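Peer 1: Here's the letter readout for the chains.
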Amino acid sequence: MKTILEGSVAVAEAVRLCRPDMVCAYPITPQTHIVEELSRMVADGRLDAGYVLAESEFGAASIVLGGSAVGGRTYTATSSQGLLLMVEVIFNIAGLRLPVVMTCANRAVSAPINIWNDQQDAVSIRDSGWIQLFVEDNQEAVDTHIQAFKIAEELMIPVMVCMDGYVLTHTWEPVDIPGQEEVDRFLPPYRPADRLDPDDPFTMGSMVGPDAYMETRYNVHMDMMEARQVIKRVCEEYREAFGRGGTGVIDSYGMEGAEVVLVSMGSLLGTMRVAVDELREEEGLKVGLIKVRCFRPFPKDAIHDAVKETQTVGVIEKDISLGLEGTLCSELRAAFCGEDSPEISSFIMGLGGRDITVEEIKQVARDLAANPACRVEFRGLREELLKGDEG
Amino acid sequence: MMEREEGRIINLMEPGHTGCAGCGQAIGARLVIKAAGPRTIIANATGCLEVYTTTYPRTSWEVPWIHSLFENAAAVASGMEVTLKAMGRYEGVNIIAQAGDGGTADIGMGCISGMFERGHDILYVCYDNEGYMNTGYQRSSLTPPGARTTTSPPGRKTWGNVTRKKNMPLIAVAHGVPYVATATPAEPRDLMRKVQKALEIEGPKYLHLLVPCVPGWGIESHLSQEMARLATETFLFPLFEIENGVITKVKKVKDRRPVEDYLRPQKRFAHLFKPGGEPILEELRLMAEENSRLEPGPATLTGA
Ligand SMILES: Cc1ncc(C[n+]2csc(CCOP(=O)(O)OP(=O)(O)O)c2C)c(N)n1
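Same order as they appear, the protein sequences are chains A and B. Every letter in the first sequence is one number past the one before it in my numbering, and letter 232, counting from 1, is 225. Every letter in the second sequence is one number past the one before it in my numbering, and letter 127, counting from 1, is 112.
Do not rely on the hints blindly, as some may be mistaken.
[Claimed, not checked] No farther apart than 25 angstroms at their CA atoms in a straight line, the calculated lysine to aspartate or glutamate pairs in the DMTMM-like style are these:
1. B/Lys70 x A/Glu29
2. B/Lys70 x A/Glu219
3. B/Lys19 x A/Asp192
4. B/Lys182 x A/Glu29
Because the hints were derived from the structure by calculation, they are not lab data. Bear in mind the structure is a predicted one, so any value in this text is a computation, not a measurement.
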């Protein structure tokens, strides 16, 4: 059914349709509306699930871990400092192969404290063993959450759906919320091969020494690599069932004969699509876009193939690996390691909620067209704030 | 593997693990699970017990058992309880969260407080060996005054640990936990009775076990049970039960022993018997004296 909903409410509706056994979270802006809505649903009897009020995000992550270990479908959501407080458990959930689904409403990290959107939080834990899917709009957020449970449970790998805080969570958009029966048909009940059960006891999370630890990591890695195919397949199945819904691991736009390719993740893609249209129509500049939907596992081959004909690539991202460059940019460079690589430049923009305009994106493309040389640049800085105290 | 048919289960925590000979925690943990029975799921924190019972590919546990992290056993158990209830699989299942004194009273405090507050139907067992033993006997907030640990060493200016034990039982009582008790492996029947009683009560339960640590305390393996007994007989570790905020039972000590009888055999207290150690010995005597005055009635801040 098509309705106009706030992004957070739309996500809560999607989670409800997935019939979680237990939901647990701790409030943090801009994630809060999601779990507020879920708790309302539980209070009203619209959602028949255990709802736990955790004492912290660390507790919340641990609680969904426990719920998943006894064989329940569990969900949590967080942002920024909350995600960072969860980190120890985040690695643990992945290592224990528990298919928890979490929404990360992306937000900048402290210090300085800032509640607005960038993607530093999720990007900072890219090596934790979670699948990370970034969504562009609220419809994709709805569709991706439903896919996330299926992907997680098939692979026994947790999935984090990353949606830009405020830009998506607090924005009202028309979204098509599927019916319960359709979702039930798509998403089977969670039936784990192993669960903590007195009728069939087993030990989970034991101490593993140098003789076997590495093999467990290898196994997770191989399944993570395999996950790219599963993500694509689940996307296709979803498309068949619902007539829409995500683009697998990457998406492309305006790539015909593109001389400059811009790459990014999340809601910025919407703005970038406008910039591309205008550049092509008004300036005859052939610009294309690659949207990285799946950040982990990294769709190295897909991106490689998509941009290999191009000489000039600019990565625009709302995060930075301090002391190097944008993280997504590094990943892209790695995709061409040992081969002829296009010029790949890193543009750090929009940190802490700074607006990114269509014009700024167009300027990045124009600058790259004029000079494709490799560089790392911040765009949209306020020079007057960089001068120090004296001024 | 062990036979699991009714009546044939001997140990739900099996021998063959790599715990130290005489480990009080191993004895305590085996009694706890023996009393709780096979329909129990355990969430165990990181620490000695976790490491020596589950070194891959072996396990000592004949019940479903999970280890996640050092500080989250109470939260993992909370998640298990709520989810099993939501799935309709909770009937007839006991859930136990267990951790050492560090995993409980220090780093685990936030999660355990949340579990108590939310009122989950979980038995929490703290195995108190009065230090972080798994990492080599460092001080915890349950290390007694004067004890030598690797991070509270006596030196020219100090006499070992300077703080008193954090009062975990009363912290549990203050959360409204309906059943709180202390026990030691030296009184196995009492310990098992308390586990069984706790599991019959709906809501959170807190059981605090004093478990001697052979290398940490610097004692002979065969003295482990003796030390646990002396801890009670000197009143340094009184045995009691608190139900709904009221002390309902305190173990009577027929033959009260001076604290020195407990302290002297342990290397961690040896320095207290040198000239200058008297003020700390006096403080420990005072603690024992306070504990000896415990009696049935409302649980107050001193004494318990
Ligand atoms: C977050 C974190 N910090 C520190 C450690 C290291 N560590 C593992 S066990 C342990 C001490 C355990 O002490 P306690 O809880 O008293 O249990 P014991 O080993 O004495 O039974 C420590 C410090 C850890 N695993 N995780």
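Peer 1: Of all the hints numbered above, which does this structure not satisfy? Sort the numbers upward.
Peer 2: Result: hints 2, 4 break, sorted rising.
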